[in-house]
Each structure stands twice: as structure tokens, then as C-alpha cells.
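Please dock the two separately framed chains into a single complex, following the hints provided.
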Amino acid sequence: MPLSQSNIRFEKVSKSYGTLRVVDDLDLMIDQGEFLSLLGPSGSGKTTILMMLAGFEAPSGGTISLGSQRIDPLPPHRRNMGVVFQNYALFPHMSVAANVAFPLEMRGTPRSEIEQKVTRALDMVQLGAMKDRRPAQLSGGQQQRVALARALVFEPSVVLMDEPLGALDKQLREQMQLDIRALHKRLGLTIVFVTHDQSEALTMSDRIAVFNRGRIEQIGTPREIYDQPRSRFVAQFIGETNLVEGTLAEAGDAGATVKLEGGGTIRVQPSDLRPDAGRILVSVRPERIRLGPDAASENAYPATVTDAVYHGDHLRIQLDNGAFGFVAKADRKTAEFNPGDRVMVSFAPADCWMLPA
Amino acid sequence: MSETSLKGRLGALALVAPLVLFLAIFFAWPLASMLKESVSDPVGSHAFPLTAAVAGDWDRQSEPPEALKQAFVDDLRAIDDQQLLGDAVRRLNSAQNGFRTLMSRTIRAVEEQPEGPLDLVAVDKRWADVRFWRAVADSTNPYTDRYLLAALDYERDASGRIAALPAEASANTAILLRTLGIGAVVTLACALIGLPYAMLVASVDGWKRQALLGAVLLPLWTSLLVRTAAWFILLQEQGLINDTLMSLGLIGSPLPLIFNRLGVVIAMTHVLLPFMVLPIYSVLLSIPRNLMPAAASLGAPPWRAFLRVLLPLSLRGVVSGSLLVFMTAIGYYITPALIGGAQDQMISSVIAFYAIGSANWGMAGALGAILLVATLALYTVYGRLSADRAGGR
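Chains A and B supply the protein sequences, listed in that same order. 960 is the number of the first residue of the first sequence in my numbering; add one for each residue after it. 73 is the number of the first residue of the second sequence in my numbering; add one for each residue after it.
Pulled out of the complex, with its shape left as it was, chain B reads as follows (with noise of 0.2 angstroms):
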């Protein structure tokens, strides 16, 4: 065993190492720094370095000792990056209402008097309320569950307990549920026009087979703002569906086709079929094609044959195209931006306002690692199905 075979590993490992140079860079480092996002919470930590070493002693409750108070008043005489200090200002209002005119007024006491202990209540009388001190004890933790949180719509009340939002600040499990709600749709409606649609071109063969191929292939050919371009000219108020109908007299006035729920769920039906399609159709190949004969030998009728042989063998393809098509429904972006109206946003583009809109990371990432988790449990529902199927009853 010898250096012929390590040689040989080592071969192996260099042909790969491309692969995972590029998983490592293009995909794990992106997710897990976006993951990261979504819990970091570094500003307190960073400007207020003294008090975050000694918050970890105090249990929030009781009156916080002397040491929290004199570590934050010499964090605050050691602080002179002002875009921290700012940045710090507002982690702490975002916990507590009132910080702002608090700490400003704390900030002047404390650069008159740049030695010795300063007594902070006498400076203002908020800072007799524990509750302050628990927020800045807390915005000194570098991880924080706040944006997770407030991607569901909860947050930690005054207490620490987790509480709901209030409904009016709650539009994010709306938009999520939302969100699974137009992919259910879009992956139903994909199914029922693909499962007809493969045992079609499993049927046929020659150049019909590459044809229908072809036909449903096609959007996959083309990019994905064009196709969507391409439904906002059919579907608008003067587009070709409403004037054809119109012209022939089977409609009054323009049905409204675009801009609506409607719109997004055809639009989004037809760009993600070959998804539908593809997994359909090779399962269908797989199928030997005489257990249809079989049936029919043995006395089953063409429809009951159907029910009892093909539908069940085609299930799988079926499952794995929903699965397929389900995860890439919840994170489509372009076509309800363009298709959709306010009503018909889907999470995606919440992440999107919150990455590029308010340049608010952690939301962006807390929003995403819910939509990761959303598509993983799928993931892991499907791949139990499919080893109690391989394994037998």
C-alpha cells in the first residue's frame, strides 16, 4: 500500500479541488456569513469593550453593580471613533426608546468630568431604571436571536421574553406564509399540466419526442427577465390574451390578468415547468415498458391499468419535481416584482429590500436562514419518503 496508492488519492484530491475550491468560495462562505449575519450583533461589543467583560456577572434583575456602571463610564471617556459611538446610540434606542436623548446628555457629563467616578443617576434620572442597564448589558452580547426573531414577528419584551409583534409591525409571517402559499399553487398547477405533459413525450418517440422536448425546454433557454418581459405583453390590459378574447367577442372588457395573484402563478407556472417535466419524464423512461401490457393482459381496463401501474410508478418523478419546483418557487424574486402587484411580493424580495433598500444584513440574513430551514425540512421530508420507498414496505 504504497505510494502508488497514495499517489493515486492524492491524483483524486487534485482533480476535485477545483470543485470544492469553488463550493468553498462561491457558496459555503457566502451562506455561512450570511447565517452569521443573521445572529451578529458586534456594535456593543465593540464600543463598549470594558462593559461587556463584566456584564456576564450580573443576572439583569437586581440593581447592577458599581463595576457595570464605572466599565460603561470609562468605555464612554475611551471612545473616540464617533461613527461607533453613533452606531452604538442606535443599537441601544432600537432595544430602549429614549437612549437618544439619554446618552447624549450622558456623553456631554462625561467628557466635563474626564476623571474619577461620576454618579449617572444624578446626570439623568433614567439611568435608576434597570431596564436601561439591561440594554446596554445586553447590546454587549456579539450574538443576538433579534433579527430571527423579528423575521416571525416576535421580539424580547422588556423582560427578555420572547412576545409576539404587534400587528401592525407583523408582515413577515403574512408575506412568508404568503410565500409557501403561491409555491403550493405554482407547484400543483405544474403538476397537473406535467404529469400529462411527460407521459405525452414518454409515449411518443422520434422527432415528435424532441419537439415537445424542445417546447418545454425552451424557457429554460432563454433568461428569465425576458420570459417574464414575455408574459407582461400577453397578459396587460391591451395584450395579446385580452384583445384576442375581446375581438372575438368572448369577453366585454380586459379580464385583469397582470398585476395580480393570477398573474404571478401563470407566469411563474410556465418558467418553472421543465422542472416538472424533466424528473416526470425520466422516471417515466424507467418504467419497463410492458407492465402496461402486463395490466391489460391480466384484465385491467386502460384507465384502471393506468391508476393502478403508471400513476403510482410516476409518483416519484412527481415528488421530486414538486420538491424541485416548490424550493425554486420560494425564492423567486423578479417575476412577482414584475408581474406581481403589492399584494403578491413574495419573501424574496423583503430580503431583497432589506440587502439592498436598507442595508439592515442581519434581517436580510435572519429572513434567508428561514427560508433555508423552510426548504431543508422539505428536503429532509423527501428524502425519508424516498428511502422507505427504496426500502420496501
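If we strip away everything but chain A, and leave its shape as in the complex, we get (with noise of 0.2 angstroms):
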């Protein structure tokens, strides 16, 4: 890649619609060759900032840069990012092939090298054979593709990428996430995606960056995002969670105890967490909640079946035991569980982590 020194720094970066604050004092940065997504429910900032990123908007606040040169004063035209739009943005009066000579030709490369690259960035995508075409004559997935296309033939450092694949069906949809993770590993690019589907975040980034109201909740691996939420917000966005609300009673190098409000409690993995008041949350995903007769484990809670639903690869099952609710992934095969049966919750301590309240 051209570019030495790519990696692009957010400083003290805020935008205001009016009184309406959509990005509020963000610092970020981005390494180069990362694949980092921006995820949040929609209202959350994440599309602007990667139109202060595009140069689309300016920032009302702070310095955005990338490696030692500040760009947020640059108009897009002289940023040489690839933007790949959420719904393609091909040219609808040009063929596939001049759509993905445009940026070649807007910066004067000459026509023997432009056929070349455009041939080979067609390639790239398995299109070669349509450069003929025009966009509406492709499929949304081919016309993606395109759009890929032409965001990386100018060979640009950075790619940003505007929910991309939100128009597209789940197989098509999948297909393209590993295709555009295989194409980020193969290029080195940097990449900046912007994604409301936390399972195509939590599949395709090297980091997740998940907002909430202009800020940043939490910024961290997609494990460390899934298995080691730092706020109620992110815990139940990324995934689904059973929360549990008590006190924490105890807490040391093993682990720690939790109180729970109508008795009883919850042996937690060991955490950094002090809450002031003590008051504090207990995140069990549904996936490790064990259900059985026996009470082999630490926490081990009798419970009644209050909903079971079949879906293809697991059983949903709704669980009541007087004090709370939980929420149960099943192997479909290990039993049958009806509405009404008694049955035995048990989670290991190390499945169990800690949040404010």
C-alpha cells in the first residue's frame, strides 16, 4: 500500500445538528490494516462519523487525521478513501466497466493502465464477464460487488464501508462478509464498517467500536465485546443476555458473590468491578445455561418451564423461578421440554460476569 503511515485518529471530534448532539467528544483510533466496525442502534452516531471520516460532513469539533496529515479541512475529492455506499451508488448511465474506471480517469491515469486495472479489479470481484452491463442489469449482490470494486481500484488506504450489505438476503449477505473479510486480509486494507447487525460485526471486525447515543459504549475485540460487556447497553445490543440484578456481597482472587433480591445467590468469575453502592448486574448468556435434574453445579436454581420454541438448530426456552426469568438456549436433542415441567438451571461461575447496574 502507498500509504506508510495510515492509521487515522479521532480528537476530541464532536458534531451538532442544532441542539441535537449526534457525536459527542470522540477520541478513536484506528490502526492501519484493522478491520474495526462501528456498531449501534440507528440515532447512534455511527453513520456520521464516517461521513466526517468521507468528508461528507465537518466536524463541529475536534481534529480528525490520518498518519501525521489532519484531513478534516480536506474535501472529499482529495482524501483517497474508497466509500463503498449502503445502496451501491453505481452510475446508472455508465456500464460496469466505466463505473469502475471512473476514479482511475478522475485521477488522470492513462487508458492502457486504466483497461488493465479495471480488468483485473473486475476480476477481483468475479465480474469480468459483466463490464459490458449496466447496474440495473446486475443482481444486488453483483451490483455490490461493483461497488467494491470501485471503491478499492484506486488502490485507496483506507475503505469505508456505509452498511454495505443491509439490502441484500442472508445467504447473499454472509457470502459477501466473508468475501469482503478474505479481500481486507489479501489487500491489508484499513477498513471502516458501519453496521447495525451485530452478528456481521461480531463475525468480519478485528475490533468492534459499539455507540450509544454519540459515544462510544465500548471498544474491544468482538470477544472481548460479547463475552466481557462493560455496560448493560452492550450487553444486551451484542447477543442476548439474561441480567440478573443483586449485591455484591463478596469478592476476591476466585470469584465473587452475588445477592440476589429474593435470596439466594450467584458465585461470578472474578472482575475488577467495585460499584459504590454495591448494586450490580449478572449477565448469563442463554447458550450456557445448563438444564438438567441434578444441581451438579455451584449455581444451580429449581425453576419452572414457562414457554418452550422450536427453532430448527436449538430449543428457546422461557424459564420462571419465582424471583427471576431466564431465557435458555437447548440443544434440541438432549430432551423434551414442555410449558409446566420443573426442571434444574445451572450455570458455571466462569459463565457469569459482572456489570454496573
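Calculated from the model, a selection of chain B residues having no Cβ within reach of chain A, i.e. all distances over 10 angstroms:
1. 111
2. 163
3. 169
Taking CB as the label site, the calculated pair distances span:
4. B:81 to A:1099: 33 to 41 angstroms
5. B:286 to A:1158: 48 to 56 angstroms
6. A:1078 to B:286: 50 to 58 angstroms
7. A:1099 to B:301: 54 to 62 angstroms
8. A:1078 to B:271: 29 to 37 angstroms
9. A:1099 to B:278: 29 to 37 angstroms
With the Cβ distance kept under 10 angstroms, some of the chain B side facing chain A (calculated, not the full set):
10. 361
11. 363
12. 365
13. 366
14. 367
15. 368
16. 369
17. 372
18. 376
19. 377
20. 380
21. 381
22. 384
23. 385
None of these hints come from the bench; they were simulated from the model. Don't be surprised by glycine CBs; every beta carbon is placed ideally from N, CA and C.
Okay, here's the thing in C-alpha cells:
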């Protein structure tokens, strides 16, 4: 890649529309060659950040730099970043080849070289045979691949993607996720990827930044985000979880004990969390909950099945033990569960994670 | 398949029936009768039915057969409608000079000898001339191309060949060309003003868009006559524009803005501007909003993005707008009549002259037909172009 130093730095960046503060005092560092997903509900500011990076929006405050160069005053056409838009934004009056050639023409690349690079870029997305077609004659997935080829053909060091797979159906989306990830690895690109789909973010990213109301709630690897959420928002936004409220009774190196509202305790894995008032949430992922007749674990509670829904690859079971409710995912083959059944709910302390209430 | 589907079809027919009837009565029928008027020439065949029956047997070159001559004499004896006879004489005289005196002499001779064969050459030497018989025979054909030819400044000469009218009698082509010229200038002016304006309208929203759209639509909501009269007030020698410019000291004497081509073009451009702005505006709205940002992100500076992306995509609107403006412009009548000078009259005023001024429905119909053909030809070209575009390269 041409640029040696292409890490991106947001420093105290904010963006307001009138009195509405969309991005609030953002500090963010994106490493060269990193795949970073900006994940959050709509209105959380993630797209605005991408638009500021691409140059379509100007920050209300703070600076954005690429390597040693400050880029926030630059117009979009001088930033040299590939952008893949949500609805592809292909030029409908140009052929596929002309679309891909466009950024090269704008850079004054010689004709012979353009042809060569366009062919190579289209081959990379397996669309070499479609080069004379119009975008309207392609399927959604093919259009998306053309958009990808167009954003990559001029060899930008940074590629920005704004929910690029949102309009595709599930199977195609999963294929494209793998394709984009493979391209990222092969070309060593820095990719900033905006999505509201948490599973997409988990499967594709090196790091995920979870946004809520214009601020980063948590940033980390997919594993950290899923297994060690730092807030109720992150725990609930990424995947499904059971949250139980209690007070921290005792904490040590071996683990901690949380006292529950309705009596009883939960043993949880060790954490450095020390809430002031002792109020705490315990998060347990549904797929970590075991259901059975015996109580072999430290955390075991009798409960009643209130609902069991067949999901194909798993059963989703709703449970109630009087004090709190549970959702569990069970292997569909282990046992039959029917509403009204009395079962034992148990989970290992290592699968229990504490968050501030 | 059944009764219900039949019933449904009948119901659908009943729903469109008012439209179909309206179009048939107020559009198709007048159009067809106008076109028929431009090629019909019924006087001769009405006045000389016997001659009409045998005229087809004669080759128009050799000596006219006796049967034809006898039929003509019999027709003249049979005719008792003086009005029809007068029309027929006028018709014959317009094809061949001299018929007026020839016919009055011949009619007198026919009245004197109400029975039997009549030697017409003895009555008048001119009956020996084949050209007069040719005029008689031709006049019995109920259809004619002479209005259409005359509309394009052509005629059939004595031998029946198509020939150009003498220069002093050929104003129609010049007026037709002038009409197309004014239409083209107005269309160009509308495109030059309309395209940036439509882009401006499409780029803002809320009350600003409503205000800008309202400003361009306002002329459509006022009567054509009022708008034209308003331009009269603005453009005249002591009008608002000249007074303002003079009081500002920018000009010493009033600019000639009215009763000339400039005034006509200004007023017509104003009146027709909505027909340019609206199609372009609707095309612009259909262009995805992220194309210009996409072009910028791919390295296109704003003006290159405009030239390569926005302009080609809005061209479809410019073409349909131009077509609308041009086709409306070449039919304009009131504006050039009020604001133009003698040299700015368009084909519609000639049509109006023939239709209202001289009751020559044949000429009016023929000129209308020529205008219709020009419009249809343009529309066909447009259809081809837009079909090509839709089909891709």
C-alpha cells in the first residue's frame, strides 16, 4: 500500500445539528490494516462518524487525521478513501467497466493502465464477464461487488463501508461478509465498517466500537465485546443475555458472590468491578445455561418452564423461578421440555459476568 | 372464465367509456375532419356528377373523348343550384385562368339549346384547348393535394407536375421555418434557464422548495392572455424595464423590446418555462442522492462530478422538457400576435387567417396537417432516443 502511516485518529471530535448532539467528544484511533466495525442502533452517530471521515460532513469540533496529515479540512475528493455506500451508488448511465474506471479517470491514469486495472478489479470480485452491462442489469449482490471493485480499484489505503450489505438477503450477505473479510486480509486494507447488525460485526471485525447516543460505549475485540460487556447497553445490544440484579456480597481472586433480591446467591468469575453502592448486574448468556434434573454446579436454581419454542438448530426455553426469569438455549436433542415442567437451571461461575447496574 | 370475468371487463369498459367518448368527440373527430378538409375538394364532383363518372376514362393528354364533353354539357343543363355552380366556376378558375368568362358564355349557350349535342368549340375557341378540359376533369376528383402543396409553397403546373410557386406567392415555407426557428430559440432559452433552476429547486427542501416551485408554476395558474398583456406592460417603450433602465442612466433611448423577435422570445420563454422545469425537476428527484457524494469519494472535484454524473442523468429531463416546450411553442398564436411585429408571426396566425379570415378550410387544414406531421416526427425521434437509452448500449 502506498501510504506508510495510515492510522486514523479522531481527537475530541463532536458533531451537532442545531441543539442535537450526534457525536459527542469522540476520541478514537484506528490502526493501519485494521477492520473496525462501528456498531450501534440507528441514531447512535456511527454513520455520522463515517461521513466525517469521508468528508461529507464537517465536524463541529475536534480534529481528524490520517497518519501525520490532518484531513478534516480536506474536501472529499482529495481524501483518497474508498467509500462503499448502502445502496451501492453506482452510476446508472455508465457500464460496469466505466463505473470502475471512473476513479482512475479522475486521477488522470493513462488509458492503457485503466483498462488493465479495471479488468483486474472486476476479476477480483468475479465480475469480469459483466463489464459491459449496465448496473440495472445486475443483481443486488453483483451491484455490491461492482461498488466494492470501484472503491478498491484506485488502491486507497482506507475503505469506508456504510451498511453495505443491508439490502442483501441473508445467504448472499453471509457470502459477502466472507468475501470482504478475505479481501481485507489479502490487500492489507484499513476498513471502517458501519453496521447495525451485531452478528455481522462479530464475524468480520478485528475490533468493534459499540456506539450509543453519540458516544463509544465499549471498544474491543469481538470476544471482549461479547464475553465481557462493560455496560447493560452493550450486554443487551450484542447477542441475547439474562441480566439478574443483586448486590455484591464478597469479591476475591477466586471469584465473587452476588446476593440476589429474592434470596439466594450467584457465584461469578473474578472481576475488578467495585460498584460504590454494591448494586450490580450479573449477565449470563442463554447458550451457557444448562438444564437438567441434577444440581451439580455451584449456581443451581429450581425453575418452571413457561414456554419452549423450536428454532431448528436449538430450543429457546423461557423459565421462571419465582424471583427472576431466564431464557435458555438448549440442544434440541437432549430432552423434551414442555410448559409446566420443573427443571434445574445451572450455570458455571466462569459464565457469569458482572456489570454495573 | 366466466360470467364474472366478462362482467368485470364490461365494468372496466364502462369506466373508461366517458374518456373514450370525450376523446373521440373532441379530439379524434375534429382532427380527422381537419385532415380530411385539407385534402377534400368536393365542389366539382357535386356540380358535375356525370362528368365525374367518365373523367376516369380519359388519359388527360389526348383529345378529350366526346362522351366527356357530352357529360359536361348534360351536367350544365341539369344543374339548378346557382350557389353550387358559382362555387364550381370559382374552383375551375382557380385551377385555370379564363374559366370565368368561358363558363358564363358556355352556360348561356347551354341555356339556349336545352337538348341534343352542342359544339362547344363553336361556342368558345378555348374548349379546343386540352388544358381547360383537364381542369374540368381534375375538378371532379373529390380529393386534391393542392392545399398540402400550397402549404409548402408548391403547386401542380399545367402538365400536372409538382413545381415551386413563384417567390412572391411563397410565404408559407418562410413562416414555417420562422416558426421552427422561434420554437428552437425559445426551447434553448428555456433549457438554459430551466436546467440550473430545476437543480436549485431539487437541491433545497421545505418552504424554500415550495416557494421556488410556486414561482415557476405561477405563470401556469394565470391566463395566457393576462401573462402576455403583462409582458406588454413591461416591455413597451415607456414600459417598466425601459423606464427603469433610463432612470438609472444605463441607456439613453428606449430599447426596442416589443413588436420584435426579442419580445416574442422573452414572453414565450417565460410562459413555457414550467414545461421545461417540471420534467427536469422530476428526473432530478429520481436520481439517487448518494451519487454525487460517491463521485466525490472517487476523486471527482465538484465540477467534474457534475459533468460526468449529474448532467448526463438530468439530460433525460432536458430532452422531454425540450420536446414539450418546442411542440407547444410552434403552435403559439396569441403571444406573437400581441407582442411580435409583422415579421414575427408564426404559422398559427396564418392558419387562423385562413380559418377565420378567409374561410379557406382546405388551406387551414393543410397547414395544420403540416404542423402535426412536424410534431409527430419529433415525437418519434424522441421515442426512439428514449427507447435506446432504456435498452442500454
